[in-house]
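Participant: Residues per chain, in single letters:
Protein chains: 2
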Amino acid sequence: MKFSIKRSIFLNQLSNVTRAIPGKATIPILTGVKLELTNDQLTLIGSDSEISIESIISVNDDLNELEIEKTGSVVLPARLFNEIIRKLPTNKLTIEVNDQYTATITSGQATFNVIGVAGDAYPKLPTVETTNGISLPSTTFKQLINQTIFSASNQESRPILTGLHLINKGSFVSAIATDSHRLSKREMPFTNEVSETEFESITIPKKTMLELMRIAEDEQDLTMIISHQQVIFLLNDVTIYSRLLEGMYPDAERLIPTEYQSEIVVNSTEFLNAIDRASLMSREGSSNVVQMTIENGEVVLSVRGNELGKVAEVIETKKIEGKDIKISFNPEYMKDALKSFDGSDISLQMQSAVRPLLLQLDTPSEIENNRLLQLLTPIRTH
Amino acid sequence: MKFSIKRSIFLNQLSNVTRAIPGKATIPILTGVKLELTNDQLTLIGSDSEISIESIISVNDDLNELEIEKTGSVVLPARLFNEIIRKLPTNKLTIEVNDQYTATITSGQATFNVIGVAGDAYPKLPTVETTNGISLPSTTFKQLINQTIFSASNQESRPILTGLHLINKGSFVSAIATDSHRLSKREMPFTNEVSETEFESITIPKKTMLELMRIAEDEQDLTMIISHQQVIFLLNDVTIYSRLLEGMYPDAERLIPTEYQSEIVVNSTEFLNAIDRASLMSREGSSNVVQMTIENGEVVLSVRGNELGKVAEVIETKKIEGKDIKISFNPEYMKDALKSFDGSDISLQMQSAVRPLLLQLDTPSEIENNRLLQLLTPIRTH
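Protein chains in written order, with my numbering: chain A, 15 to 396; chain B, 15 to 396.
All the given hints hold, so there is nothing to weed out.
In this list, chains with the same sequence are indistinguishable; a pair is considered to hold if it fits within one copy or across any two.
The list that follows gives simulated cross-link-like pairs (lysine to any residue, SDA-like), each with its CA atoms no further than 20 Å apart:
#1 K324 x T118
#2 K353 x S342
#3 K101 x V314
#4 K183 x P203
#5 K16 x T118
#6 K349 x R369
#7 K353 x T391
#8 K220 x E170
#9 K220 x Q157
#10 K332 x E309
#11 K349 x N168
#12 K324 x L102
#13 K101 x I329
#14 K101 x E346
#15 K324 x L286
#16 K38 x E298
If you're looking for bench data, these hints aren't it; they were derived computationally from the structure.
This is chain A alone, in the form it adopts within the complex:
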């Protein structure tokens, strides 16, 4: 195996696949990156056995400056290889692998010898048995992930809750994440109608969603394929393979309240900053709780006194309606929820001090089935 290539192009794709590669692995070969060279293209693969990322550099794109001298494949230690490529002295590099799978990397006057193993020893990627993909709008889908994924659980005690749940509604998708203390839901229209045979509902691991959000560019072709407990995301040069989470996702829709006793409208950024200030005091206390009091036409955020002090702030509101109420919540969860609205004015609806708080855009999206909502369970205080 021997080829030369433009370093910046190679480094970019190498970085994409390296993100999937674990620092330590029970299967040692997975700490390596696989390079596979055919007459047409160089393929890079990284995997942690749950998620695999494959990146293709074509010989046909002159910008890549890919010159293939001898085909073959090899697996090289990913972290070290990445750092070497990053620090090479020129923007051109040559890699030659000998029969003992030692790679000689040259660039300018620098020569590295890195000991690798045979490419055949690397696990095979799942084969895709369908070409029936669902086309997704990459910009909106990245936004959807960003607005929901923080509510997915980090606890392995209920694995199904560590993923993002997608429900196929034909003309749109409904995405839900919840850790049972809070819930995020975002709807997004499909680019084309999607039939039920393609999928009813799936749950995708959090890590896969975060990697997709990182790798996908705005306004890029993005296709999702579902096949045998696997989901595959096709981008221009990069393919992400991931297992799906197994198990029944709880019926979250029924948790979303349909009526309320009190409503306020605030700017999400101003409210976020006020919560941030109040949480300075709550973090110092024994329980991280901020109280919101709606009374006499005024909304006050406060933290009860602890050994260091206390805080109170009157919030600027655009609307206050309904009954007076005192309700307490975890300020970190509230901050996450508020950030998803990206500065817009939002409506907070409450039923009682013990029923979930509902956050939505005050002015709903003009696009149909494009709704975002955040649900927060209050904390009971005495």
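The hints should help you fit chain B onto chain A, whose structure is shown.
Facilitator: For chain B alone, kept in the frame of chain A given last:
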């Protein structure tokens, strides 16, 4: 005690003094920041008992927007107080302290109550018994610290080596730092002649030097006062008090070689990048060693093979003179030394594989007594 002030000004000075304040302290009051308000000024003080930083905000500078309503003093929990000030909603704040030393901080609609203690309970700063200060050029002195302090030891087994040693030479100062594996020396002319009665030599703790480097601005008035095992640095609004390190500093001058067998001249940045590449492989090995070979009119950096591979690179040189040599060194120490030359061409002089390597500017400074040198002990290999 009651005053109002411009938040950005207050925050800036509060950040300066907070850097001295430890997160935990055996004397609990030292985790607090002291505020002292007279009719003329607001003084902020932070201390870890070894270094104290005092900052003064004058009522006479209109930019401060300092309005004093009632004088007094208080000590408030530093970390929390700092975060509160940083997150207040407007650029104006008012602080009022009641008889129980609870501070009420208001800004816009936000009101914080922070429980403090009496200002009298805070340790007194050392009093300065001399007004006989030494004027230092702040830009050059900051550079001097930056070019030497990395060689100071981090090991408390020989406390004197954890500081920067300054020797008074009358018209110039000689600064030395060494951890016994490497040595940095920088000379710098005094602004005025300094008499021996002011000081012969002192050793200042590393932390003090780093704080001074951070707080002092370029082209700023900087005065050093030495008094009773204390050194005091006076800046415009900020004063840094620090104890001096006690004990005999080793006679480092005699370690500096006066002759050599081999010399090369290289660009410090290019050489740094090559060492950085080579160290990728040495870090993976059992000992972190890079070898330099001067042979047949060529300089080669290399790392012997380990279980992951090896590396070799021919270095571009501007001059090669003297005997062939093989010499090995710690690449991290070499990188620190090279960075101090900031991209200039440098001369490396060697006597043998076991005697210290000397690094100096290839073209010496045009200013007299303005010399920089770095000394590195080689590593013996077999």
